[in-house]
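Peer 1: In the order they appear, the protein sequences are chains A, B and C. Using the working numbering, the first residue of the first sequence is number 1, and each one after it goes up by one. Using the working numbering, the first residue of the second sequence is number 1001, and each one after it goes up by one. Using the working numbering, the first residue of the third sequence is number 2001, and each one after it goes up by one.
Don't take each hint at face value.
Said to hold, decoys possible - Listed next, the stretches of chain A that the computed footprint assigns to chain C, with coverage defined by at least 3 CB atoms under 8 angstroms from CB atoms of chain C:
id, region
1, 22-29
2, 66-72
3, 75-88
4, 94-101
5, 130-138
What the hints assert, rightly or not - When the alpha-carbon atoms are kept at most 20 angstroms apart in a straight line, the in silico SDA-like pairs for lysine to any residue are as follows:
id, chain 1, residue 1, chain 2, residue 2
6, A, K8, B, W1165
7, B, K1059, C, I2405
8, A, K136, C, A2002
9, B, K1026, B, G1071
10, C, K2255, A, Y5
11, A, K58, B, N1171
12, C, K2155, A, Y5
13, C, K2283, A, G77
Since the hints were derived computationally from the structure, they do not count as laboratory data. Virtual Cβ for every residue (Gly too), placed ideally from N, Cα, C.
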Amino acid sequence: MVPHYPTKRSALVPTLLYAQDEVGFLSDEVIAELAGRLDLTELEVRNVISYYSMLTTKPRGKFNVQVCTNISCLVRGGEEILQHCAKKLGVGHKGTTPDGLFSLEEVECIGACSWAPAAQVNYDFHENLTTEKMDKVLDECRMKA
Amino acid sequence: MADVTLTVDGKKVTAPAGTLLIEACKTVGIEVPSFCYYPNLSLQGACRMCLVKIEKMPKLQTACTTVIGEGMIVTSDSEEIKQARKSMLELLLGNHPLDCPVCDAGGECELQDMTFTYGAAESKFMEAKNHKDEQQWSPVVFFDRPRCILCYRCVRVCGEGMDVWALGVQNRGVSSVIAPNREDHLECEECGMCIDICPVGALTSGAYRYKTRPWEMKHVGTICTHCGDGCKTTLGVRRADTGMEIVRGDNRDKSGTNGDFLCIKGRYAFDFANHEDRLTQPLIRQNGKLSPATWEEAFELIGKTFAEIRDSDGGAKIGVIGSTRTTNEEDYLLSKFARVVLKTNNVDHHRTADFPALASALRGKEGATASMAEVFTAPAILLIGNDPTEQHPLLAWQIRNNVRLHRARLYVINSNSIKLRRQATSFVQIEPGMEGQAAAFLAGSDAAADTLANSSTKKEEWIALRDKLRGEQNLVIVFGSEIVGDGLAKLVKFGSAISGAKFVCLADYANSRGAADMGLYPDLLPGYHSIVGNSQFHQEWGEIPQAAGLDLPGMVEAGKAGQLEALYVVGSNPVGRLDIDPFTFSKSFVVVQDMFLTETAVIADVVLPAANAYEKSGTFTNTCGDLQLVKKAGEVTGTKSDFEMIVRIADAMGFEMRKLVPFGGGTRADMGQSRGAQSGEADRHAVWLEAHGLEPKMSPFDPTAILDEIQRLVPGYDVSRVNLLSGNSEHTSLAEAGTSAAHKPESVSPANDSLFSSGTLGRYSRALNSVSESHEVKTAEVSAD
Amino acid sequence: MASLVSHPDEVKVVTRRFGQGATNIDRYLELDGYKAVQKALGMEPDAIINEVKNSGLRGRGGAGFSTGMKWSFVPKQSAKPKYVLCNGDESEPGTCKDRLIFEHDPHAVIEGVMIAALAVGAASGYIYIRGEYRYLSVIMQKAIRDAYAKGFAGKNIFGSGRDLDIFWHGGAGAYEVGEESALMESLEGKRGIPRIRPPFPAVVGLWGGPTVINNAETLASVPHIMLGGAEWYAKIGPPKNGGTRLFCLSGNVAKPGVYELPMGYSLKKMIYEVGGGIPGGRKLKAVVPGGSSTPCLTADEIDINMDFDSVAKAGSMLGSGGVVVIDDAQCMVKFALRTMKFYQHESCGWCIPCREGTDWLKKTLMRFHAGGGVKKDIDNMQYLSENMLGRTFCPLGDAAAMPTIAFVKKFRNEFEDHLEGRPCPFEKAGAAEEMAALAH
Ligand SMILES: Cc1cc2nc3c(=O)[nH]c(=O)nc-3n(C[C@H](O)[C@H](O)[C@H](O)COP(=O)(O)O)c2cc1C
Ligand code: SF4
Ligand code: FES
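All chains, full assembly: derive it from the sequences and hints.
Peer 2: Have a look at this one:
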């Protein structure tokens, strides 16, 4: 079922997200295309994109590792998980590995507080993490690639 | 609307229901501080400077978003409120670069003023400030993010006010930043409204930045010399080697009809005045070459030659071409000089609208023309032809914002899908050249509807549109140069059946209307009085030739046939603008008064370096018929006003001066004392006197003497002198215009200027050139892929 | 996906169908599904509103406003269409309950939206789910599709002659769009900047139409109220605090999880009995009782009942039900810093006090925690927070200021322990540097 709205531009955010999932990031072409379709200026589209933290105009790794370090995760070792990933992947916050496989992001609360520490790889949740568990998650990604 | 009464700081305040608290406070002199609130732009509530206490409300409330309520009790000033405001400033200053000593806005900065008032001088923060490099967004717009306080005024004025929407906000939180529409640059109308509205120095003007400090300039509010809309522009002037330099144009005091508005020309295109090609010495052709000469030599030669031709072959052998950028006083004087001194009716100017037809159609109809101000308040507007966004930017602003703020209904009939269609309730596209048919149809010719009907608009729709228009009241009918002659008469006929309808006839240059009203026509005297007859002018001016003279094409023909012995061109470039063969006048003695060696000046025998409208005093009449004061900002050494030059030529011809300029108790010695570079002295003196309300009209160079005569003799011009001199616009009327003669509508030739061009003048504006270049480059890039 | 827990003290209302396959519409029907909305179809709108009012149901999104009252603000007549908007943006740190509802009982949300729509006369409902919960959007979309297929949604629902559309909408990462007016902006495809109020959403909301905005848990509670009756529901909790609450117990407790407990349940019991106490032989230091924006309570302040009014009396807020337990191994300065980092990152940037205030607080806390603090910083942080409080454009500014004031006031000693270049007493050697290297 296609959600529909009384105004065209209401479809903007979900459409951007879909486009990003397809292309990997929101390229100039995608922006121009969507602006055209929704009767918006490219500037308006960019204004919106830059507001939302999940939307990006720069390519990211195939697996976007998003580690939560917000309060519930913090007190249960979220930072260790983040540091562990950083060491293992050799990149920092918002960095992408040279092979383009992984990018790393320290993120705000992802709604997994009762199962902290937690991370998301792309849209998949990984909860009650330990460094070992995190290793496994990353290894599985590598296998899938 | 019903009135609401409330109490602010113990004072009773009464204002119409729906008024915002911040505005209601203003009416009793209580200034509530604000950054983001700006009248007529959408509400933001973002800066939190306007917090006030309202009884029964738990928290402080923003006065900028609160609508007044009956019995409200408001405190606008308390310790709590002061502290709130102070802390906002502390926070803003935390990230602000505090580079006031070099900032363009220093001295004119709302953040500075506010800090001064609320004293947030002590810094609480030790952290490094967030930095971002300054960016250039266009030839005229620079952006300095660290200075920006995110009041969003620029974004709103660009979008809501200009309908350009070239600015946006990107990112969020403290990374929020104002962003241009093309990632690193702007693609826009370059109006600079964003710069003017910026309360701090975040947006700065390419023309002005880092040039001077506000207090080192003299500020002169005058009228823009470009299009026919007549915006007030405040020029910032400083002394320079050349006499003076205009460094800034803006509308900070907002006292003009244009209120907030100025377009690129009014704001930046004053720079022609300091162009290095500016003429500063009279030139006389010697051995085929234009060579420097003294003023005395030049006036003597012109006076002698003109007098000889007049006396031996008759004035009819002399042609006079006037200007659409000179003052009313100069135009009137030129018209009078031609008839009275030169004894010729060969007088014309570059016509861009059929004002004589308008005058004859409106004769006897009181209040049938709309002022520029009324375009902003009219309940409905019909626009036929023209593209105001490009050619009449202020008019476009008035229409657009009338629709936005007052929900005016806008009906557009145009051969192009002009930008104002976006505001239109109804937009009908027609074939080019069908505007006259549209007028005929509106006037009742159903046959015209058949020719008008096309794939996009059927006959029934035309009829429905006409019915709708007929149902309007106080409709303002605006039309471009596509409507002339008979079409114009038809349009007036249609409009006259609508109660309260008013007209605006669009002409292209700053004083096109003045040139027409002052009688720069071969067959019309000032006020559209026929040259044949016995008007007041005939009675007062003394003997004048009675037959209609040659119009511009006629003069060209006469020149070709060797029948035009002299041509006197004042502030006009017919050779360049109207594509006239330069050899046409090779047998004539040509005198040109201009700022530059234009296509016309190069063929002259004598060239006199002229001052422009920013360097003289007088009045302009805008395309709507609003009379406004032109104030002298300064003078460029080696130039003279056209007024003075006309007077000097008349004097050199031995004419009795008081018959030309009815000045007061002065003597011939006064005007004889031209002091070379300081020859504008008399005029400057007049400016000073005028500024002090004194008008002795002692000098024949004093345009006020002619203004007296204009007000006395030109119908519709007897407006309030007090208002005029106070800098307000005064609407003139055509109701008592003379019985103008039949006209050649085909002689109307539009200037076709765009937002970035301005006739010959525009070519000498670096600002306009750089902008149109940058816009051309971009179009080229787009079409390449 | 997220694991379920249980405790004997739980009163399962909203969680009743959790873990029972209720995402399947037929299974949902077996579990009394869609009975409530059918009952509502037979009622006058005012009767529905009264029922909800009398149930004592208060908004589960944070502010705890009476739901029935909110519905009654919607004008009966309206030129523009009315809407119901379910707030499933759930982004308040410490909160993860709406996620479980969408995951385990999506139809209950749909039913709740439908009942609200019937009560206020709306013909469409939108369910906004935060972008990170992509898998829930999939579940929700399927549930909506199934409801349409059965004729429960869309045209002529349940053969009643009424039309009622239900749509799903996904966000893209922004805490601020959980704020109701920013939520509407976001749904309209714009930046999540809150709107000026008045007008309130109930009068001018989505696309200009009157709009009811409720949290997902609030709406999921409604069908149970319709079936169980207002009286039954109200009695579960103390006066004016009807029903149950999903408490998201997290942090340093032995058995974290989402527990559905009656309103007014003891915080102390929640930590020590339901949550199994503090693990590792540690002691309790503080609790954040209702999500990151609520002022923390010290170990001495936990003897309170978890209902809106009692927590408010204790100087904090019940908020979104996120109970974060902090043990004595945690550094409160660091906790405050992490909290402020969040608000700094999530501030929409619209108004000066929030945009600039969160940034300066974050910067100061960072320096402070890294050992560069000076004494006057402590007062400055309090000064700054107090000057933000109540003066921002929307409550996010308050949400940042309130907890900070509490941290500084209640743990001033820990702040002082960081002074004079001393390293954080709680930090492992080198850990701060490692984090700093990652800092942004
Ligand atoms: C910054 C901010 C974030 C919020 N985030 C949420 C949220 O994620 N989910 C939610 O239901 N309410 C959130 N709220 C509360 C909503 O504004 C609104 O009060 C709520 O959705 C109303 O539903 P209720 O009456 O059922 O609680 C937030 C409020 C603020 C100020
Ligand atoms: S308090 Fe101000 S800056 Fe912060 S989220 Fe609300 S509106 Fe945006
Ligand atoms: S003027 Fe009211 S908030 Fe800015």
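Peer 1: A separate judgement is required for each hint: does it hold in the structure or not?
Peer 2: Consistency of the hints with the structure:
For a cut-off of 8 angstroms, the count of residues in the region 22-29 of chain A with a CB near a CB of chain C stands at 0, and the three-residue condition is violated. Figure legend: the region 66-72 of chain A, annotated as covered by chain C; annotation consistent (4 residues with Cβ-Cβ distances under 8 angstroms, at least 3 required). Chain C is given as covering the region 75-88 of chain A, and this holds because 6 residues of the stretch bring a CB closer than 8 angstroms to a CB of that chain, at least three being needed. Counting residues of the region 94-101 of chain A whose beta carbon lies closer than 8 angstroms to any beta carbon of chain C gives 1, which falls short of the minimum of three for the stated coverage.
Beta-carbon proximity to chain C at under 8 angstroms applies to 0 residues in the region 130-138 of chain A; the threshold of 3 is not reached and the given coverage is violated. A C-alpha spacing of about 18 angstroms is found between K8/A and W1165/B, which places the hinted pair at or below 20 angstroms, so the restraint holds. Straight-line distance between C-alpha atoms of K1059/B and I2405/C comes to about 18 angstroms, which keeps the hinted pair within the 20 angstroms bound. Distance restraint check for K136/A and A2002/C: the Cα-Cα separation of roughly 19 angstroms lies within the 20 angstroms cut-off, and the hinted pair is therefore satisfied.
For the hint linking K1026/B to G1071/B, the alpha-carbon distance of about 18 angstroms falls within 20 angstroms, and the restraint holds. Between K2255/C and Y5/A, the direct Cα distance comes to roughly 43 angstroms. Violation of the 20 angstroms bound is thereby established for this hinted pair. Between K58/A and N1171/B the CA atoms are separated by roughly 14 angstroms; this keeps the pair inside 20 angstroms, and the hint holds. Proposed proximity of K2155/C and Y5/A is supported: the alpha carbons are some 17 angstroms apart, at most 20 angstroms.
Simply put, K2283/C and G77/A have alpha-carbon atoms about 17 angstroms apart, close enough for the 20 angstroms limit, and the pair holds.
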